[in-house]
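**Student:** These are the residues of each chain, in order.
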Amino acid sequence: MPQNRRLILAHLWVAFSVFVLAAALGVWQMWVRSPLAAPQDTPARYYQSVTGHGVSMAYVLTTFFIMGFGYFTAETALKTPLPSARWAWAGFWTALAGVAMTVAAILSGQASVLYTFYPPMTATPWFYVGLVLVVVGSWIWVAVMLVAMARFKRANPGAPVPLAMYATVANAIMWLWTTAGVSAEILFQILPAVFGWTQTIDVGLSRTLFSWTLHAIVYFWLFPAYIAFYTMAPRAAGGRLYSDTMGRLSFVLFLLYSLPVGMHHLFMDPEHSTGFKFIQMSLTALVSIPTLLTVFTISASMELAGRLRGGKGLFGWIKALPWERPMVLATGLAFFMLWFGGGGGLINMSYGMNAMVHNTAWVTAHFHLIFGGTVVIMYFAIAYEIWPSLTGRAPLSVATQRLQLWLWAIGMMVMTLPWHYLGLQGQWRRVASFNYADPRIGPWGPLVIVSLAGGVLLLVSAVMFVMNLLPRRAQVRLPEQGYSFALAVHPPQRVPAALNGFTVWNVLVAILMLVAYGFPILQFFIGNSPQAVIHPLTGG
Amino acid sequence: MTEQPTGGRERDRWGFAAAMVVAGVLLFSVVMGLIVLPVLQAPNAGIDPWTAICRAVGLKAGSPAQPQPPVSATAAPVSQVRWTPATLKILAAADPRPGAALAQAVCSACHGEAGLSPSTDFPHLSGQSGAAIYKQLSDFRSGARFNAQMTPVAKKLTDEQLAQIAAYYGSFSRRAAALGPRYGIGDAAISRLANRGDPARALPPCESCHARGVGGPPEAPVLSGQQREYLYRQLRAFAGGQRGNDVYRRMRDVSSHLSDDEMHRLAEFYQGLS
Numbered sequence: 135m136p137q138n139r140r141l142i143l144a145h146l147w148v149a150f151s152v153f154v155l156a157a158a159l160g161v162w163q164m165w166v167r168s169p170l171a172a173p174q175d176t177p178a179r180y181y182q183s184v185t186g187h188g189v190s191m192a193y194v195l196t197t198f199f200i201m202g203f204g205y206f207t208a209e210t211a212l213k214t215p216l217p218s219a220r221w222a223w224a225g226f227w228t229a230l231a232g233v234a235m236t237v238a239a240i241l242s243g244q245a246s247v248l249y250t251f252y253p254p255m256t257a258t259p260w261f262y263v264g265l266v267l268v269v270v271g272s273w274i275w276v277a278v279m280l281v282a283m284a285r286f287k288r289a290n291p292g293a294p295v296p297l298a299m300y301a302t303v304a305n306a307i308m309w310l311w312t313t314a315g316v317s318a319e320i321l322f323q324i325l326p327a328v329f330g331w332t333q334t335i336d337v338g339l340s341r342t343l344f345s346w347t348l349h350a351i352v353y354f355w356l357f358p359a360y361i362a363f364y365t366m367a368p369r370a371a372g373g374r375l376y377s378d379t380m381g382r383l384s385f386v387l388f389l390l391y392s393l394p395v396g397m398h399h400l401f402m403d404p405e406h407s408t409g410f411k412f413i414q415m416s417l418t419a420l421v422s423i424p425t426l427l428t429v430f431t432i433s434a435s436m437e438l439a440g441r442l443r444g445g446k447g448l449f450g451w452i453k454a455l456p457w458e459r460p461m462v463l464a465t466g467l468a469f470f471m472l473w474f475g476g477g478g479g480l481i482n483m484s485y486g487m488n489a490m491v492h493n494t495a496w497v498t499a500h501f502h503l504i505f506g507g508t509v510v511i512m513y514f515a516i517a518y519e520i521w522p523s524l525t526g527r528a529p530l531s532v533a534t535q536r537l538q539l540w541l542w543a544i545g546m547m548v549m550t551l552p553w554h555y556l557g558l559q560g561q562w563r564r565v566a567s568f569n570y571a572d573p574r575i576g577p578w579g580p581l582v583i584v585s586l587a588g589g590v591l592l593l594v595s596a597v598m599f600v601m602n603l604l605p606r607r608a609q610v611r612l613p614e615q616g617y618s619f620a621l622a623v624h625p626p627q628r629v630p631a632a633l634n635g636f637t638v639w640n641v642l643v644a645i646l647m648l649v650a651y652g653f654p655i656l657q658f659f660i661g662n663s664p665q666a667v668i669h670p671l672t673g674g
Numbered sequence: 022m023t024e025q026p027t028g029g030r031e032r033d034r035w036g037f038a039a040a041m042v043v044a045g046v047l048l049f050s051v052v053m054g055l056i057v058l059p060v061l062q063a064p065n066a067g068i069d070p071w072t073a074i075c076r077a078v079g080l081k082a083g084s085p086a087q088p089q090p091p092v093s094a095t096a097a098p099v100s101q102v103r104w105t106p107a108t109l110k111i112l113a114a115a116d117p118r119p120g121a122a123l124a125q126a127v128c129s130a131c132h133g134e135a136g137l138s139p140s141t142d143f144p145h146l147s148g149q150s151g152a153a154i155y156k157q158l159s160d161f162r163s164g165a166r167f168n169a170q171m172t173p174v175a176k177k178l179t180d181e182q183l184a185q186i187a188a189y190y191g192s193f194s195r196r197a198a199a200l201g202p203r204y205g206i207g208d209a210a211i212s213r214l215a216n217r218g219d220p221a222r223a224l225p226p227c228e229s230c231h232a233r234g235v236g237g238p239p240e241a242p243v244l245s246g247q248q249r250e251y252l253y254r255q256l257r258a259f260a261g262g263q264r265g266n267d268v269y270r271r272m273r274d275v276s277s278h279l280s281d282d283e284m285h286r287l288a289e290f291y292q293g294l295s
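Taken in order, these protein sequences are the chains called R and Y.
Numbered according to this note's numbering, the first sequence spans residues 135 to 674.
Numbered according to this note's numbering, the second sequence spans residues 22 to 295.
These are computed hints drawn from the structure, not numbers from a lab.
Careful: at least some of the hints might be erroneous.
Ranges between beta-carbon positions, derived for each pair [stated by the list, open to error]:
1. G237/Y to V597/R: 33 to 43 angstroms
2. S192/Y to V154/R: 37 to 47 angstroms
3. R203/Y to W540/R: 24 to 34 angstroms
Ideal placement from N, C-alpha and C gives every residue a C-beta, glycine not left out.
Kindly generate the complete structure, drawing on both the sequences and the hints.
**Tutor:** Written out as structure tokens, the structure reads:
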């Protein structure tokens, strides 16, 4: 049983409480975009809500969940208490104070700049300072994770770091690299502008620095899902992980190829040349390798489990899997959504095809499907999986957990498929209202209503999720128990040092970043880069 | 992080293989992106291969990012105010104290103490943004906007003095912001027009530029609390073409889509409860 249960639960509860509120905002936003009359539907409210929804889902849900899950993994996989619970709590309170500041800023209406900031718009300083505190809190988490792994290696020379911990530390290191971009943007560009020290801002540079962060952060969110695929799902299915090495390889490839690729968010931007966009597109294509490695390895692990359970023939093993278990069901649903979301992603990352979908609803539909679908459904499954060992209570009903997962997957498909289609029809993103009386866009209306219906299902599922986790009197108390991660078919006795640490990979990331971002960032400092007038949203 | 030597040769092998794969991928994308594709596509763009490579690297501006010839607008009257870093610096550095003295001596006779006008003939200046006041004073001075009383006054002032007056009146805007907006109530249709616009007539919401601190064009004035007579006169002047110092014709376009009744009601809405 993990030692710091309160610490882990505190993180997860912050994540999930914010998540439910943000889900409600999301439904309201789709309502505003639909032809149905929504309350409070002014553009000002819409952008305020989009900011709240984005910040909550992208920064609060993810960061707090990943921190809490990381502490859980460190304690259960390494079977030792955290190096410093005090520091971990310090990180929690720092990040929570940051969340409070950011939420207050958004509620004041002076921070409707969306979670991606979009300079030259600037919000009240509280918004950025709050987010910086969230990041600082997460850096403390990174330090705790690094020290935990280093101590394990010192205490067990030559022993492989357990895969779950190795992956968590890969994510922590990636997060350090990731946050460098946005931190530089906030500290050196946005805060001087917000405090009135400068009257202009170099938007090209700020977009470039944000792109540094923008793709890798998505993989930061994705890591827990993959950790669950590799280290939880095979055991839940009653089998073993097909290959431990494949897992390590996938995680280091994510570390390697999630960073020097962010410019695929800037394909249509004028501040970069075609050559560097092409380089980053090529590197983006490589991200599909760890994804496909994972699909192969997890399918193989599931097949092993299915055959052990008596499944026969080409597909009989699929039927033989214990689908009644939430972790297995969530993995299946996540993979199903991954096909659609991943396919859409391949279109987005193709320089040419990107022009068709750029700034359309397709993009928003894509990241909702891949993040809200594949990733968040695994957050649910992880929570269900680890809850008994955190609370010492058995769930009241596994059936309601399954229902919640099904509702989520169905809701996500119902919401995002028409949304993708509308993007191809040219529906804009980041737009508060549509004139459906215009015959050119009138036919979009019914499809947006379908998306809205999907959104309502998602909200119902989100509320159910929290209800499923709340403690009840009727729950059966469990004896103190630990948590075991899935074993590999051939548990590693010794692994190559490169796959037991990160030195080689950090050097390679540095080289890749230098080539991919070196000149594109340097160009803003040589030559006359145009500046934009700041547009403060703070009155005065 | 220190790595345990769990077999030096093995690590070398893994490190070497990883480095080779990464180097191969990098080499491929650099050669393709910076050399092969630009050279192959150069003839389509009508440029020589060397120029194409320079563009692909970003050393030369590619089309359409070629430097554009400077715009020389000849249509008059047109606003001469441009929100360049230089203009913004003048505004940011302006001292409101001499501005206060000037305002006492020159402006307060019509616009009232602290910019609260006692007459419906003159707009309130209190609570207005400094950038809006600077823009209008500059336009009066340059002739982009004409008013029999304001034009001669503005022509006597230097650019620095304009900025000082703007800074003085702008210094009230924080207090006004703290009071919050005061909109008229009871006219739901006009409130909707102000907050949501009317997509069928391509009318944007007034509030997307004119609400305080909305991040719109710097010169957009705050409307909340302004005199309804003044607001109505300006809407009529924009619609009738007597006033034309709005950047990109924004207000001339908007007001030409409004009915006379809507202009009255919008002015009423923005004057609010005074």
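**Student:** Decide, hint by hint, whether the structure agrees.
**Tutor:** So, going through the hints one by one against the coordinates:
At about 38 angstroms, the beta-carbon gap between G237/Y and V597/R stays in the expected band of 33 to 43 angstroms. The hinted range of 37 to 47 angstroms is satisfied by S192/Y and V154/R, whose Cβ atoms lie roughly 44 angstroms apart. Taken as a hint, the range 24 to 34 angstroms is violated for the pair R203/Y and W540/R, whose Cβ atoms sit roughly 51 angstroms apart.
The structure is inconsistent with hint 3 alone, although it conforms to all the rest.
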